[in-house]
Amino acid sequence: MSDCKQRGDRRKFLETCLKLGITASAAPFLAPIEKLRASKLSRVDEEALTHQYGMGINVKACIGCGRCVVACKEENEVPKEPFFFRTWVEKYTLLVNGETIVSSPNGGSEGFQSDISEGEILRSFFVPKLCNHCKNPPCVQVCPVGATFTTPDGVVLVDKDYCIGCRYCIQACPYGARYLNPITKTADKCTFCYHRLSKGLLPACVEVCPTQARIFGDTKLRSSRLTRFFRFNEIQVLKPDLNTEPQVFYARLDGTVR
Amino acid sequence: MEKLIEHLYAVMKSVSGFIYPNEVELHWGFLVVIYPYLTGLVAGAFILASLVKVFKVKALQPTYRLSLLTALAFLIVAPLPLLAHLGHPERSIEIFFTPHFKSAMAMFGFVYAWYLMAVLLLEIYFEYRATLVVQGNSSRGLKKLAYRLMTLWSTDLSEKALNLDRKAVYFVTLLGIPSAFLLHGYVGFIFGSIKANPWWSSVLMPVVFLFSAIVSGIALVLIIYMIKSMYRWRPIDMKCLDRLADFLLYALIVDFSLEFLDFIHRLYQSEESIGILAHMIEDRLFVSLIIVQLLLGTLIPLVSLIIMKLKPLPDELRKLIFFLSAVLIQAGIFSTRWNVVVGGQLFSKSYRGLTIYKMELSGIEGLFMGLFLLVLPLVILWILTRFLPAWSDEPALNTPKG
Ligand code: SF4
Ligand code: SF4
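Chains as they are written, first to last, in the numbering used here: chain A, 1 to 258; chain B, 1 to 402.
Here chain A stands alone, though its shape is the one from the complex:
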């Protein structure tokens, strides 16, 4: 633990040194940027810092109805073609012969049909997917102009008026959570319905899920529904080895899911 902390300290120290060096050499260019940043910061809602939003997904509860996918597309004006999704549902079918078949026709928005005979199937289940709002987000790291950023309350967003459409972030996301919006020509993805959160509402997908397979909440709050979800379930995240620290947490996730 203390070793970990020490390492963290050292990293911070190195980061500071690097920043100091860069700032010193680029000071004349940086002055206007700093001004801009300061004005941005003053606008930050102090209160936001007290939250860290996240989503829990109860894999066993999902019935693959796809209503979340439809609701998301409507709420967020996501193009309706089957190549652009802020959230989608995958169906996993594990066969008796050990094979795993995964599908997500039209993102699962129209439900699922299967032509595999009952006898061949060991079991099957549905996995809703969306941006993981990683705490250590590779997409934010690579954005050359800072158009992708993390809000103080832990939501990863894209500023569509700033994004240059280089698509580096799409390459860097390990989860396929991003697409290039063909209308705005900028990177796009799930925002946890940030416009709804700021009004005290739940994300659209959470709101419409008939089985409450999606649970939204604040991981910093002791009494949130999400904390309760953590208390009663064993939790996993997707691709933990990549150290992205996802903030979408899965209960009863099967090892085959990527």
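Since the hints were made in silico from the structure, they are not lab data. One or more hints might be untrue.
Some chain A residues close to chain B (C-beta under 8 Å, calculated; not the full set) [as the list claims (entries may be wrong)]: (1) S104; (2) C166; (3) I183.
Simulated DEER-style distance windows between Cβ atoms [as the list claims (entries may be wrong)]: (4) B/I223 / A/K160: 44 to 50 Å; (5) B/F97 / A/I235: 41 to 47 Å; (6) B/I264 / A/P152: 54 to 60 Å; (7) A/P210 / B/M359: 40 to 46 Å; (8) A/D115 / B/I223: 52 to 58 Å; (9) B/L324 / A/D159: 50 to 56 Å; (10) A/I183 / B/A113: 30 to 36 Å; (11) B/D262 / A/Y194: 39 to 45 Å; (12) B/L175 / A/I235: 51 to 57 Å.
With a straight-line cut-off of 25 Å between C-alpha atoms, the simulated DSS-like cross-links for lysine-lysine are [stated by the list, open to error]: (13) A/K135 / B/K102; (14) A/K239 / B/K102; (15) B/K160 / B/K56; (16) B/K358 / A/K185; (17) B/K3 / A/K73; (18) B/K3 / A/K80; (19) B/K228 / B/K239; (20) B/K358 / A/K80.
Glycine included, every Cβ here is placed at the ideal spot set by N, Cα and C.
Following the hints, position chain B with the ligands against chain A.
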């Protein structure tokens, strides 16, 4: 937008296995293949030039100026494919104004500007100043003004001034070598640092990029030198050609070893992604990777160059073999870039399926645009050589500097 949607439906039909729904659109296409190919040629051509000035390989003197101008011509075009492929090219300037320092790509503008201003233009200035002064003296009117402008009105031809030029060239080249390494190693880093993508993510990526860059740069200068000499009815300097082929061979050996190491390493570590990557190579990249990159672009030239070194054939035959090897190498390196950039997007990050890349013919990301961007540097090079003589036997070069 309709065209894009139509295109994506067509792509969807060729998907095999499962890919994430957002992965049907392949984001970095032909233009992004061209970008590292061009910067590679820049770095390679510059390294070749530095062999003359810093490492004193006198035999290569006939190609020195050509290498410099080639580097400049390709550097001018290098950012264009990137710019053309952006969703909002009009916002690209933000990379300079509000760069995000943690992003590898944000450094592009600075690395590029540094290389162009602090290295290439400076070196070309000092190398050509005396020549331009002499040319300016013998012309009039606008032409004279243009020559004077290019010398920045520094017309001193005294031995002391010429000596200073020579020293400056040496120091700029010295600075230029690590800069060229930075320029292209950095492009490799853009890909190598993406941990989400097992095909790209590798510490070796910048080094592999660098050596393949050197290979491609030398091969390109060799091709241009031979064609241009024939075209000018001048004999090819065989000593120079042999040395070029030597360095081409050395760079090719290092490049091949590095890529082989990368390959063995992946195979031996056999990580989770190995299955889908192997499947991708067999199924989607067989022609571009196994046939063009490995067989035609690496092994055949490698063996030919080694044979030429061990048992040199008569000049004419040797010339032909060098030329063909260089052309094959060029095709091989282009395939390398293709296999990295496009290959890295043909498999799903779910490791469960493959998609395809369908290139359009027209349009900003299409084949014609790409070909245009590949030919453009050669046109620029031709224009540059109108003003800046590239050949040591051209009269304007017979300045006091020699
Ligand atoms: S899931 Fe992808 S898009 Fe979302 S924060 Fe993580 S890396 Fe970024
Ligand atoms: S596409 Fe936009 S958000 Fe993504 S990295 Fe490029 S500029 Fe940033």
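- Among the hints numbered above, which are violated by the structure, and what are their numbers in rising order? 6
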